[in-house]
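Trainee: Chain residues, written in single-letter form:
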Amino acid sequence: MTAATRDAALHLGVLTLLAGLWFVLPTYHSGNLARIMVLAVYAMGYNLLFGYTGLLSLGHALFFAAGMYGLAIAMQQGGWSAAPGFLAGLIAALVVSGVAGALALRTTGVAFMIVTLMFAQAGYLTVLYFGAITRGDEGFVIPQAARSLAGIDLTTPANRYFAALILFGAVFLGLAWLVRSPFGRTLIAIRENEARAKMLGYDTHAYKLRAVILSGTISGASGAAYALLFGYAGATFATVQYSIFPLLWVLLGGAGTTIGPLIGAIFMFYLIDLASGVTDAYMLIAGVVLVLLTLFAPQGLAGTLRNRVWPWLP
Amino acid sequence: MTLLSTRNLTKRYAGVLANEAINFDLPQGQIRALIGPNGAGKSTFVGMLSGRIPTTSGSVTFDGKDISALPAHARIALGIAYTFQITSVFAGLSVHENVALAARRRLGRDGAAVDAKVADSLSRVGLADRATQIAGDLSYGHQRILEIAMGLAQDPRLFILDEPTQGLAESEIADFKTLIRSLGGATTILLIEHNMSVVMETAEAITVLSNGTVLADGTPAQIRADPAVQAAYLGTADA
Ligand SMILES: Nc1ncnc2c1ncn2[C@@H]1O[C@H](COP(=O)(O)OP(=O)(O)OP(=O)(O)O)[C@@H](O)[C@H]1O
Ligand SMILES: [Mg+2]
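Protein sequence lines, in the order shown, are assigned to chains A and B. Per my numbering: the first sequence = residues 1116 to 1429. Per my numbering: the second sequence = residues 35 to 273.
Extracted from the complex, chain A is given alone in its bound form:
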């Protein structure tokens, strides 16, 4: 088997498994999985920047929220339907990540983390400040009637599940292809040794900016889809907590692997779900498990698999 067919088999296999799970999982779990797939899109967007380009952002909630509010405001205040609303979400995230990226990339390392964190905080405060449009903390519900795409009602569990799967699949396959392409390999080179990449003639700044924009736009697609499929947009999604989540998902699942974000999102979702069934202090249990994982599988679950079992894992 060539590397390309093995990659394709892995990625199509994961998608087939996810499609099949709909038919066997109880409603509660398939509902969770729909949510997880949308959040995994966010994690994959984050992974492109963190796992493949080596840039640690603490402000991705800004892009997630830009997509979410881009769609929600266009639909709610502008009366747009779902398809142009989704496009508005993508464009909002693209513009916001372009501006934030151009400014934040003037810094590196810890300064980059802090600048992105500040941008996201400014974004959160903006949502609160323009409460007349965004409904501030309270947020708003997108009416069920508006949540349909090309005549398909996105509020039924089955349609919602498969809409989430289609978005997930498109981003999953697109990124799997991208990280094997010359562009993706250049991002990896920048992660590994930026000075050397520059001295091979690559305009590393331009590559990093494109990575921020692509990462931010994918994160925005996730935010827009979340609002569309689950019918709610709120300022919580712009808080620092939502900047930390994708970092945790990616660290747990395996930074710089194509399946890591999905694995991390599933793992953490169920970790919190199970822990909260046991105790009110569920974040404590989650925290302990996270610490243990970082100690014993610092490359994340997929990263550890790659090191121990399948070195070919993309």
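Rather than coming from a laboratory, the hints here were simulated on the basis of the structure. We put the beta carbon where it would ideally sit given N, CA and C, even for glycine. Incorrect hints may appear among the rest.
If the Cβ cut is set under 7 angstroms, some of the chain A residues that face chain B in the computed set are [as the list claims (entries may be wrong)]:
no., residue
1, Leu1127
2, Thr1131
3, Pro1297
4, Ala1304
5, Glu1307
6, Arg1311
7, Lys1313
8, Met1314
9, Gly1316
10, Tyr1317
11, Asp1318
Looking from chain B toward chain A, a few residues come up when the C-beta cut is under 7 angstroms (computed) [to be verified]:
no., residue
12, Tyr47
13, Ile110
14, Ala111
15, Thr121
16, Ser122
17, Phe124
18, Leu135
19, Arg143
20, Ala146
21, Ala147
Model the placement of chain B with the ligands on the given structure of chain A, informed by the hints.
Mentor: What follows is chain B with the ligands alone, placed relative to chain A:
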């Protein structure tokens, strides 16, 4: 024809005048050695040629074009390849991918051409059988040789090498001399080197730097006979 020249190229670090008004001309196709005692300013000089180190003042001209204002990546794209004095490879990637990254910037999406270039570059330096190894697992000497292969894969017009034989075994140094001589004529080479046998057996001309200025310029025979050079450099380096 002159491929590269500098006029009044100057670099001042906080207190140190590392390069002082250097005028330098490198003819197309020549193998030139740049020698001088430790701290003479050799790495600073080539760093300013490649754009890795910002200049304080002065100009660099490449192929008739003033490139002083170009960022490093744009100069490399014009056909200048550069190997670092302190080994700098992609330690986490395979040997093949290291060289492919060097080739791909020029050859782009043509995967077959990139693979052929990688195979050719690796076999020229004798690393063909290590293509699948992770670069960081190679010995120090092999990592240096890998950097040379990364330079070759770019098909540079000017190849700048900063102390490439440092840390190589005797047999590897002999191979290196053969390789450099085989490139001469087609590729212009600027070689910083402390190993005098490499300098004397490969260079067609030598420039001696000392305390940030050009002390002497000439053929190997002229440089060897120059009393000022002997006093400033050869005497101390041989000791
Ligand atoms: N980043 C820097 N900041 C301050 N001083 C520097 C810096 N880099 C080099 N220098 C100083 O500039 C002078 C020239 O250094 P350079 O590295 O160019 O010398 P070199 O000829 O390459 O020496 P070597 O043979 O040891 O490699 C030295 O005195 C060095 O200490
Ligand atoms: Mg030096």
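Trainee: Are there hints from earlier that the structure breaks, and if so, what are their numbers?
Mentor: The structure conflicts with hints 1, 2, 12, 15, 20, 21, although it agrees with all the remaining ones.
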